[in-house]
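Student: Sequence:
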Amino acid sequence: MSWASSNAELALAVSRAGGLGVIAAGPMYPDDLRAAIAKVQAGTDAPFAVNVPLYNKRSAEFLDIVLEARVPVIIASQGGPKAHIGRFKEAGVTWIQVTANPLHARKAEDAGVDAVIAVGGEAGGHPGPDEVSTLVLVRATVQAVSVPVIGAGGIADGAGIAAMLALGASGAQLGTRFLLTPESGLHEHYKNLVLQADIGDTAVIGRGRSPIRMVKNDFAAEYEAAARAGASDSELDALFGRSSLRQAAKDGDVAQGKVEAGQSAGLIDALVPAGELVERLVQETETALRGAASLLR
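Take 1 as the starting number for the sequence shown in full-length UniProt numbering and just add one per residue.
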């Protein structure tokens, strides 16, 4: 959700409606993160979160800001919590860890996290290296840990949320669905391309490096052709490095930029305001659960 929710507007709208809005700190400057947090805090008393990728060169400063600003929830990704979690627990901050497999989830639980997010291979952005589906990964993670599990990957509506609950998860995280909202900070070209995508129009690019799931475009086709032709590692690295998420998300170059999105893009056909979307998701989830329960009669 870098760039899409690297602002106050999306997180504020979601939290106001009863979801857990998340500010994506990754591409932000520290002062911009402080300003976004302050704007959310001024706009609602509801809980919200900041996502901090722990590999980020500014992660130490981001973590300090989360503590200083008394953000109630941190969602940490791309790095282990053990070295950082103590001071957050002392401050009463809820720590949720993004995990790619049950082993990582168990390690996070042992480190003291409050919950884990199990992200399946359908998700946009950086999937787990094994690309295990959400259906299997969430169930395996629920069986592996005793802390609450949040399912993610391939979820675009209330039926998907209900499916996560049926697997034993305590909740769901939706990314691509919230990319496609007016409050999302993405360029309109990015949103339009994702809206046009069908369920088979994404691909995992860069396997063996830092793979991403993205909408197929000219860059993706060029990279896949080079990989099939036997390009060297250095050639593939150079090609991969020529394209960036910012290029698509901020500049609108959706031909050569990395248009990160999940397979659930094919289930989405309209931009919906984030607050309205949260309300709709609740209604859809209740309908799906009632429908499932009716089968027991």
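A couple of the hints might just be wrong.
Said to hold, decoys possible - Restricting the straight-line Cα-Cα distance to at most 27 Å, the calculated cross-link-like pairs of lysine-lysine (DSSO-like) are:
{"hint": "1", "residue 1": "216", "residue 2": "39"}
{"hint": "2", "residue 1": "250", "residue 2": "216"}
{"hint": "3", "residue 1": "107", "residue 2": "82"}
Hints are computed from structural coordinates only; laboratory data are not their basis.
Student: Against which earlier hints does the structure fall short, listed by number upward?
Tutor: Those not satisfied come down to hint 1.
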